[in-house]
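Each residue of the sequence shown is one higher than the one before, starting from 1 at the first, in the UniProt record's numbering.
Among these hints, one or two may not hold up.
[As the list claims (entries may be wrong)] Pairs of lysine to any residue, SDA-like flavour, derived with a Cα cap of 20 Å:
| hint | residue 1 | residue 2 |
| --- | --- | --- |
| 1 | 72 | 7 |
| 2 | 35 | 72 |
| 3 | 35 | 73 |
| 4 | 72 | 86 |
| 5 | 72 | 25 |
| 6 | 72 | 38 |
| 7 | 35 | 86 |
| 8 | 72 | 59 |
| 9 | 35 | 58 |
| 10 | 35 | 87 |
| 11 | 7 | 63 |
| 12 | 35 | 7 |
| 13 | 7 | 47 |
| 14 | 72 | 31 |
| 15 | 72 | 46 |
| 16 | 72 | 49 |
| 17 | 35 | 3 |
| 18 | 72 | 92 |
| 19 | 72 | 45 |
| 20 | 72 | 30 |
| 21 | 72 | 91 |
| 22 | 72 | 47 |
| 23 | 7 | 88 |
[What the hints assert, rightly or not] Restraint ranges, calculated between C-beta atoms of paired labels, are given here:
| hint | residue 1 | residue 2 | range |
| --- | --- | --- | --- |
| 24 | 29 | 68 | 15 to 21 Å |
| 25 | 78 | 34 | 15 to 21 Å |
| 26 | 36 | 2 | 35 to 41 Å |
| 27 | 50 | 3 | 42 to 48 Å |
Simulated from the structure, these hints should not be mistaken for lab results. Heads up, the beta-carbon is just placed ideally off N, CA and C, and yes, glycines get one too.
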Amino acid sequence: MSRFTRKLRKWSVDILDLPQDLVFDLPRLTMVGNKQLLIENHRGVLHFSPDQLRLALPEGSLTVAGSRLVIKAIMPEEILIEGDIAAIQYLGTGEKR
Numbered sequence: 001m002s003r004f005t006r007k008l009r010k011w012s013v014d015i016l017d018l019p020q021d022l023v024f025d026l027p028r029l030t031m032v033g034n035k036q037l038l039i040e041n042h043r044g045v046l047h048f049s050p051d052q053l054r055l056a057l058p059e060g061s062l063t064v065a066g067s068r069l070v071i072k073a074i075m076p077e078e079i080l081i082e083g084d085i086a087a088i089q090y091l092g093t094g095e096k097r
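Can you make the complete structure from the sequences, with help from the hints?
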């Protein structure tokens with residue numbers, strides 16, 4: 001992304017009071033206790049087991065660790081996970097995977 005585009009998007013967020021997840025294509029996570037997690041703006045499932053879920057994001061990946069994890073619903077850009085969620089790790093494109 002060019003420097004001008006980043007500045008224009010930041011200006012849009014600041015001046016127009018737009019949510020950053022919409023403008024910057026960021027994931028939105030909504031968690032209920034440690035039992036339910038809704039993740040919006042993902043790009044697909046990279047790995048799933050009852051102990052770990054790994055999702056592709058527009059820029060990076062997201063790992064959810066826990067036990068008895070179940071995918072309750074999956075849509076093109078949203079996924080609902082239930083189980084005992086122990087940890088969430090976000091890795092951007094510039095970080096080791």
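Hints and how they fare:
no.	hint	result
1	72 / 7	violated (38 Å)
2	35 / 72	holds (12 Å)
3	35 / 73	holds (14 Å)
4	72 / 86	holds (18 Å)
5	72 / 25	violated (24 Å)
6	72 / 38	holds (10 Å)
7	35 / 86	holds (9 Å)
8	72 / 59	violated (25 Å)
9	35 / 58	violated (25 Å)
10	35 / 87	holds (12 Å)
11	7 / 63	violated (29 Å)
12	35 / 7	violated (38 Å)
13	7 / 47	violated (35 Å)
14	72 / 31	holds (14 Å)
15	72 / 46	holds (17 Å)
16	72 / 49	holds (13 Å)
17	35 / 3	violated (40 Å)
18	72 / 92	violated (26 Å)
19	72 / 45	holds (14 Å)
20	72 / 30	holds (15 Å)
21	72 / 91	violated (24 Å)
22	72 / 47	holds (16 Å)
23	7 / 88	violated (29 Å)
24	29 / 68: 15 to 21 Å	holds (19 Å)
25	78 / 34: 15 to 21 Å	holds (20 Å)
26	36 / 2: 35 to 41 Å	holds (38 Å)
27	50 / 3: 42 to 48 Å	holds (44 Å)
In the structure shown, a violation is registered for the earlier hints numbered 1, 5, 8, 9, 11, 12, 13, 17, 18, 21, 23, in ascending order.
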